[in-house]
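J.: As a plain string of letters, each chain reads:
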Amino acid sequence: MRYASILRGAAALLASTLLCGAAQAQDTIKIGVVIPMTGPFASTGRQVDAAIKLYFAQNGNTVAGKKVEVILKDDAGVADTTRRLAQEMVVNDKVTVLAGFGLTPLAFATAPIATQSKTPMVVSEAATSAITDKSPYIVRSSFTLPQVTMGIADWAAKNKIKKVVTLVSDYGPGIDAEKTFKERFTAAGGTIAAELRVPVANPDFAPFLQRVRDAQPDAVFVFVPSGIGGSFMKQFAERGLDKAGIKLIGTGDVVDDDLLNDMGDVALGVVSSHHYSAAHPSAMNKKFVAEFEKANKGMRPNFHGVGAYDGMHLIMEGLKATKGEGGDALLAAMKNVSFESPRGPFQIDPATREVIQDVYIRKVERVPAMGNKLYNVEFETIKAVKDPTKGQ
Amino acid sequence: MSAALAGLKRDTRWRWWEFALFAALLLSWVVLPGRALLLNEIAILALFAISLDLVLGYAGIVSLGHAAFLGFGGYAAALFAKLVMPDPWVGLGFAVAVTALLGLLTSVLILRGSDLTRLMVTLGVASILHELANKMDWLTGGADGLQGVAMGPLITPFGRFDFDLGGRVAYGYTLFVLIVCLLLARKVVHSPFGISLQALRDNRLRASSIGLSVNLRLVAVYTLAAGIAGAAGALLAQGSGFASLDLFDFHRSADVMLVLVIGGTGYLYGGIFGAIVFKMLEDLISAWTPQYWNFWLGLFLVLLMLIGRERLLSPRSWLRRRGA
Amino acid sequence: MLTLLFDGIAYGMLLFLLAVGLAVTMGLMNFINLAHGAFAMAGGYITVLLMSRAGVPFLATLPIAFAITALAGALFERTLYRPMYAKPHLDQVLFSIGLVFMAVTAVDYLAGSQQQNVQIPAWLQGRFDLQWIGIGKYRLFIIVLCGALALTLQALLTHTRFGSQLRAAVDDSRVANGLGINVNRVFMLTFAVGSGLAGLGGALGGEVLGLDPTFPLKFMIYFLIVVSVGGTTTITGPLLAALLLGIADVMGKYYVPKLGAFIVYTVMIIILVIRPQGLFARTGSGK
Chain U
1 MRYASILRGA
11 AALLASTLLC
21 GAAQAQDTIK
31 IGVVIPMTGP
41 FASTGRQVDA
51 AIKLYFAQNG
61 NTVAGKKVEV
71 ILKDDAGVAD
81 TTRRLAQEMV
91 VNDKVTVLAG
101 FGLTPLAFAT
111 APIATQSKTP
121 MVVSEAATSA
131 ITDKSPYIVR
141 SSFTLPQVTM
151 GIADWAAKNK
161 IKKVVTLVSD
171 YGPGIDAEKT
181 FKERFTAAGG
191 TIAAELRVPV
201 ANPDFAPFLQ
211 RVRDAQPDAV
221 FVFVPSGIGG
231 SFMKQFAERG
241 LDKAGIKLIG
251 TGDVVDDDLL
261 NDMGDVALGV
271 VSSHHYSAAH
281 PSAMNKKFVA
291 EFEKANKGMR
301 PNFHGVGAYD
311 GMHLIMEGLK
321 ATKGEGGDAL
331 LAAMKNVSFE
341 SPRGPFQIDP
351 ATREVIQDVY
361 IRKVERVPAM
371 GNKLYNVEFE
381 TIKAVKDPTK
391 GQ
Chain Y
1 MSAALAGLKR
11 DTRWRWWEFA
21 LFAALLLSWV
31 VLPGRALLLN
41 EIAILALFAI
51 SLDLVLGYAG
61 IVSLGHAAFL
71 GFGGYAAALF
81 AKLVMPDPWV
91 GLGFAVAVTA
101 LLGLLTSVLI
111 LRGSDLTRLM
121 VTLGVASILH
131 ELANKMDWLT
141 GGADGLQGVA
151 MGPLITPFGR
161 FDFDLGGRVA
171 YGYTLFVLIV
181 CLLLARKVVH
191 SPFGISLQAL
201 RDNRLRASSI
211 GLSVNLRLVA
221 VYTLAAGIAG
231 AAGALLAQGS
241 GFASLDLFDF
251 HRSADVMLVL
261 VIGGTGYLYG
271 GIFGAIVFKM
281 LEDLISAWTP
291 QYWNFWLGLF
301 LVLLMLIGRE
311 RLLSPRSWLR
321 RRGA
Chain H
1 MLTLLFDGIA
11 YGMLLFLLAV
21 GLAVTMGLMN
31 FINLAHGAFA
41 MAGGYITVLL
51 MSRAGVPFLA
61 TLPIAFAITA
71 LAGALFERTL
81 YRPMYAKPHL
91 DQVLFSIGLV
101 FMAVTAVDYL
111 AGSQQQNVQI
121 PAWLQGRFDL
131 QWIGIGKYRL
141 FIIVLCGALA
151 LTLQALLTHT
161 RFGSQLRAAV
171 DDSRVANGLG
181 INVNRVFMLT
191 FAVGSGLAGL
201 GGALGGEVLG
211 LDPTFPLKFM
221 IYFLIVVSVG
231 GTTTITGPLL
241 AALLLGIADV
251 MGKYYVPKLG
261 AFIVYTVMII
271 ILVIRPQGLF
281 ARTGSGK
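Here the protein sequences come in this chain order: U, Y and H.
Sequential numbering of the first sequence, starting at 1, is according to our numbering.
Sequential numbering of the second sequence, starting at 1, is according to our numbering.
Sequential numbering of the third sequence, starting at 1, is according to our numbering.
Since the hints were derived computationally from the structure, they do not count as laboratory data.
Careful, some of the hints might be misleading.
[What the hints assert, rightly or not] In silico DSSO-like pairs for lysine-lysine, Cα to Cα no more than 30 Å straight-line:
1) K163/U x K30/U
2) K258/H x K182/U
3) K320/U x K118/U
4) K179/U x K187/Y
5) K163/U x K218/H
6) K53/U x K158/U
7) K390/U x K9/Y
8) K179/U x K363/U
9) K247/U x K137/H
10) K118/U x K9/Y
11) K258/H x K247/U
12) K363/U x K243/U
13) K135/Y x K258/H
14) K137/H x K179/U
15) K390/U x K82/Y
16) K218/H x K135/Y
17) K163/U x K363/U
[To be verified] Partial chain Y-side listing against chain H, Cβ under 8 Å, derived:
18) L109
19) L116
20) L132
21) V302
Bear in mind that the values here come from a model prediction, so they are computed numbers and not experimental data.
Built from N, CA and C at the ideal position, the CB exists for glycine as well.
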C-alpha cells in the first residue's frame with residue numbers, strides 16, 4: 001500500500017492551492033523580459049540584463065506618475081520555456097509589455113500569445129525578418145539580417161572579391177543572411193561557389209571549413225549567432241584559411257564586441273557590416289560604453305546590449321505618450337517613436353514595425369587610443385536603411 | 001476458486017483512494033482555475049509517466065529515449081492541425097495512431113540484448129528522431145520550431161470551446177484524456193496480459209519457459225505505451241499551438257524517469273503523484289533560474305539512488321534497521 | 001579526402017582516450033556510468049584554469065589533469081560508486097544522470113556557459129600542407145600521444161600482473177576474489193585510471209571538440225556508442241570502434257552534411273540489433 005505516496009500527492013495538491021495568486025499592486029507597470037540567462041546563449045542574456053539595469057539607473061523608473069517594474073525570467077534558450085514564461089507573465093503577473101527574445105525561435109513561439117492577449121511585444125535581440133509578420137503586436141528594437149547584410153554584399157562586390165562561399169547557421173537569421181547576400185552579390189556580378197549551413201546547436205565547424213578551403217574562394221561570408229564567433233575564429237585559423245588567402249567577411253555577429261578582444265590577432269582585418277559598434281564615435285555612445293563597462297567589470301556592450309537599452313527607451317517613450325496605458329494605445333504610440341541612440345539615429349517604421357537605422361561597414365583594428373584593444377572601426381556609413389524584404 | 005485467483009481478483013477491485021484521486025482530479029479543474037497552466041503541465045507529464053510505467057514498471061525495460069514518442073506525437077498532432085484539419089480530437093487520434101505504429105516498429109529493436117544495449121538503442125532512436133526533425137526543416141521548421149499551428153475549437157457535449165490563454169480548456173481536455181488512458185491502462189494491467197507482463201519483468205527466462213510468448217508481449221506493451229506517450233505529446237503541442245525540437249530532448253526522457261522513481265513504479269498511479277511533486281518543486285525552485293533547478297534535481301537523484309528507492313517511499317523502513 | 005581521413009583518425013583517437021575508461025569499468029563493474037563525461041570535462045577545465053590563472057604551460061597541464069581526475073575518480077569510486085554496484089541498472093543509470101546534472105550545472109555556475117578557449121602552444125599550431133593532405137600539427141600530436149597510450153594500455157593489460165588480475169576480475173569477479181585477488185582494489189585503481197584518461201582526453205580535446213558545461217551531455221552518446229559497439233572486454237575493440245566512429249562522423253559531415261549525426265546513430269542501432277554484445281567482443285561469461 002503506497003499510503004506515503006498518496007499522502008504526499010494530496011499534500012502537494014493542497015500546497016498548490018496555497019500558491020494561488022499573490023496580491024498585486026495596481027499602479028505599477030510591469031515589463032516582462034524573457035531572455036536566455038543560462039545555456040549556450042547566456043552571453044546575450046548577460047548583455048540584456050546589464051543594459052536594462054544601466055538604462056533604469058540612468059533614467060529612473062517612473063513614467064506618467066507610475067512606477068515601472070521589470071520582471072526578468074530565464075528561458076535557457078528553449079522555445080517551449082519562453083512561451084510558457086511569457087504566458088504566465090501575461091496571465092498571472094499581468095505585464096503591460098513583453099520584451100527580450102534572444103533568438104528567433106523564442107520570438108516565433110511567443111508571437112501568438114502577444115496577439116491573443118493584445119500585449120505589445122518588443123523584440124530587442126532576435127533578427128529574422130519574418131518575426132514582425134507573426135503578430136501585429138511585435139515591434140522590433142534590434143535589427144534584421146537582410147538590413148545589415150546588404151552593406152557587406154555591396155562592399156565585397158566593389159572590392160575585388162569575385163568568388164564567395166557562404167557559411168551560415170541553419171535557422172531563421174542565417175537563412176535570411178544567406179539569401180540577402182546571394183541576391184545582392186550575384187546582382188553585382190559576383191559568384192557564390194557554395195552555400196553551407198551549420199547546425200545551430202553544437203556546431204562543429206571543422207568539416208565545413210574544410211569544404212570552404214577546398215572551394216578556394218576569394219572570401220567566405222559568415223553568419224553565426226553572437227557567442228559562437230569565438231570558436232569559429234579559432235577553427236578558421238586552425239584550418240589555415242587565413243594563410244590560404246581567403247578573406248573573412250560577414251555580418252557583425254561573427255566579430256561581436258563582447259568576444260572580439262579575446263579572439264586575438266586572427267580577427268584583424270575582418271570586414272563586416274552591422275548597425276552597432278562599441279567604437280562608434282558619438283558622444284552618446286562613448287558615455288554609454290564607459291558607464292556600461294564601469295558597471296559590469298569591464299564587459300564591453302555589444303549590439304545585444306544596445307538592442308535592450310534602446311528597447312527600454314522605446315517602451316518608456318511609448319508609455320509617456322499614452323500616459324501609462326498599455327494594449328493597442330501603447331502599440332500605436334511605439335510605432336511612432338524616433339530618437340538618438342548610442343548606435344546612431346533610431347526610428348521605428350510605422351508600416352512594418354521595424355527599425356530604420358544607419359548601417360556601418362567596419363574593419364577590425366587595434367585602437368591605441370582605446371587601450372590598444374581590438375575594435376570594429378567604422379569606415380563607411382549607409383544612412384537610414386530599411387529592411388529590404390518588406391514592401392516599400 | 002483457488003487462493004491465487006482470489007488474490008488476483010482482489011487486486012482488481014477499486015480502492016477508496018482511487019475514487020478519491022479521480023474526484024480530486026476533476027475537482028481541481030473547478031476549484032483552481034488560476035493555476036490551469038501549471039496543472040495542465042502536471043497532467044501531461046503524469047500521462048507521459050504512466051506510459052513509461054507500463055514499459056518500465058510492468059515490463060522491466062529500461063528506456064532512456066521515451067521522449068521519442070512524446071516528440072513524435074507532438075509533431076504529428078501539430079502537423080495534422082496545420083496541414084490537414086485543426087480539430088483537436090481527430091488530431092489526437094491521428095497522433096496516437098502513428099505513434100503507436102512507431103512503437104510497434106521500434107519495439108523490434110529492444111527485444112534482444114542486455115540492459116546497456118536497450119539503453120543505447122532507445123537513446124539512439126530518440127536521437128535519430130531529434131536529428132530528423134532538425135534536418136527536415138521544410139516540414140518541421142527545424143531549429144525554429146513548428147509555427148503556424150492554429151487549433152480549432154474543442155467540440156464537446158457541453159459546447160464548443162476555443163483554447164484560451166489561461167489554459168482552462170486545455171486542462172479540461174488533458175484531464176479527460178488522462179482519465180480515459182488511466183482507466184484503459186488499469187484494465188490492461190489487471191488483465192491476464194498485464195499479470196503475465198509482471199511475470200516477464202520479474203524473470204524473463206522463467207516466464208518463457210512456462211510458455212509465455214515473451215517477444216509478443218514486449219511488442220504489445222511497447223506499442224501501447226508509445227500510443228499513450230504520443231497522446232501526451234499531442235496534448236502538449238495542441239495546448240501550446242507549437243512544437244519544437246525540445247520535445248525530443250534527453251532531459252525529457254530523464255525527467256519522466258525521475259517522476260516515476262519519485263512516485264513509485266509498478267502500480268500505475270506513481271506517475272500522477274510523481275508528476276505533482278516534480279512539477280511543484282520545479283516551479284518553486286526554477287523561479288530563480290533553470291540551472292539551479294537542474295543542480296538540485298541531480299543532487300536529489302544521487303541521494304535517492306544511494307539511499308534506495310524503496311526505503312524512501314516507505315517511511316517505516318527508516319525506523320527499521322538496515323538488513324533486518 | 002586524405003585530410004578528412006586524417007582528421008577522422010585524430011577524432012577517433014581522442015574518442016578512444018575518452019571512452020576507454022568507460023569501456024573497462026563497464027566491463028569490470030557491470031556499472032552503467034553515464035557520468036564518465038563529467039571527468040573528461042573536469043580535465044578540460046583544469047587545463048584551462050591552470051593555463052589562464054597559474055600560467056602553467058600546456059604540456060605540463062596534461063599530466064596534472066590526468067592526476068587530479070584520477071584522484072577524483074578513486075575518491076568517487078570509494079565513496080559514491082561502490083554502494084551502487086549491487087543495485088539494479090535503472091538505479092545506476094539514474095544515479096549517474098544525477099551526477100552529470102550536478103556537474104554540468106556546477107561548472108556552469110562557477111565558470112559560465114561560454115566555450116572555453118584552450119591556448120595551445122605556438123609549436124603545435126598550424127599545419128603541414130603537403131601535396132595530397134593537410135596535416136594539422138595539433139591533430140598529429142593527438143594521434144601520436146593517444147597511439148602511444150593505447151599501446152601502453154595494451155601492454156599493461158597483457159604483460160603485467162595487474163593486467164592479468166584485471167582481466168580475471170572482468171571475466172568473473174567472484175572467482176577472482178576467491179583466488180585471492182583484491183577485487184576492490186582492482187576496481188578502484190581501474191576506475192581511477194579510467195577517469196584520469198578521460199580527464200586527459202578532455203584536456204587534449206578542449207581545442208578540437210570545444211569545452212563548455214554541456215560537454216558531458218553532448219558527448220555521452222558518442223562514448224556509449226564506442227563502448228557498446230566496441231565491447232567491454234578488450235582494449236582493441238573500443239579503439240577500432242572509436243576510429244570507425246570518428247572517421248564516419250567526419251566524413252559524414254563533409255560529404256552529406258544534411259544527414260550528419262543521423263548516420264552515426266542509425267549505424268549504431270543496426271550493429272546493436274545484429275550483434276547485441278558489440279562488434280568486437282569476445283564471448284566470455286555472460287554479462
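J.: Does each hint fit the structure? Answer for all of them.
T.: Against the structure, the hints:
Note on K163/U and K30/U: the hinted pairing is violated, with a Cα-Cα distance of about 51 Å set against a maximum of 30 Å. Taking the CA atoms of K258/H and K182/U, the gap is near 20 Å; set against the 30 Å cutoff, the hint holds. Distance restraint check for K320/U and K118/U: the Cα-Cα separation of roughly 19 Å lies within the 30 Å cut-off, and the hinted pair is therefore satisfied. Taking the CA atoms of K179/U and K187/Y, the gap is near 56 Å; set against the 30 Å cutoff, the hint is violated.
Distance hint between K163/U and K218/H is unfulfilled; the C-alpha atoms sit about 36 Å from each other, more than 30 Å. As the CA atoms of K53/U and K158/U are separated by approximately 42 Å, the hinted pair breaks the 30 Å bound. Taking the CA atoms of K390/U and K9/Y, the gap is near 70 Å; set against the 30 Å cutoff, the hint is violated. Restraint check: the Cα-Cα separation between K179/U and K363/U comes to about 23 Å, which is no more than 30 Å; the hinted pair holds.
With a C-alpha separation of about 23 Å, the suggested pairing of K247/U with K137/H holds against the 30 Å cut-off. In summary, the hint linking K118/U to K9/Y is not supported, as the alpha carbons are separated by about 56 Å, beyond the 30 Å threshold. Our distance criterion of 30 Å between C-alpha atoms is met by K258/H and K247/U, whose separation comes to about 26 Å. Between K363/U and K243/U the alpha-carbon distance is near 18 Å, which keeps this suggested pair within the 30 Å criterion.
A hinted pair counts as satisfied when its Cα atoms are at most 30 Å apart, and K135/Y with K258/H qualifies at roughly 7 Å. Note on K137/H and K179/U: the hinted pairing is violated, with a Cα-Cα distance of about 36 Å set against a maximum of 30 Å. Annotation: proposed proximity of K390/U to K82/Y holds, straight-line Cα distance about 25 Å (limit 30 Å). Between K218/H and K135/Y, the direct Cα distance comes to roughly 18 Å. Compliance with the 30 Å bound is thereby established for this hinted pair.
This hinted pair checks out: K163/U and K363/U have alpha carbons roughly 20 Å apart, not beyond 30 Å. Restraint check, L109/Y versus chain H: the minimum CB separation of about 6 Å is within 8 Å; hint holds. Taking 8 Å as the C-beta contact cut-off toward chain H, the hint placing L116/Y at the interface holds, the least distance being around 6 Å. Satisfaction of the interface hint for L132/Y is found here, the shortest Cβ-Cβ separation to chain H being roughly 7 Å, below the 8 Å cut-off.
About 4 Å separates the beta-carbon of V302/Y from the nearest beta-carbon of chain H, less than 8 Å, and the hint is met.
In this structure, the hints that do not hold are numbers 1, 4, 5, 6, 7, 10 and 14, in rising order.
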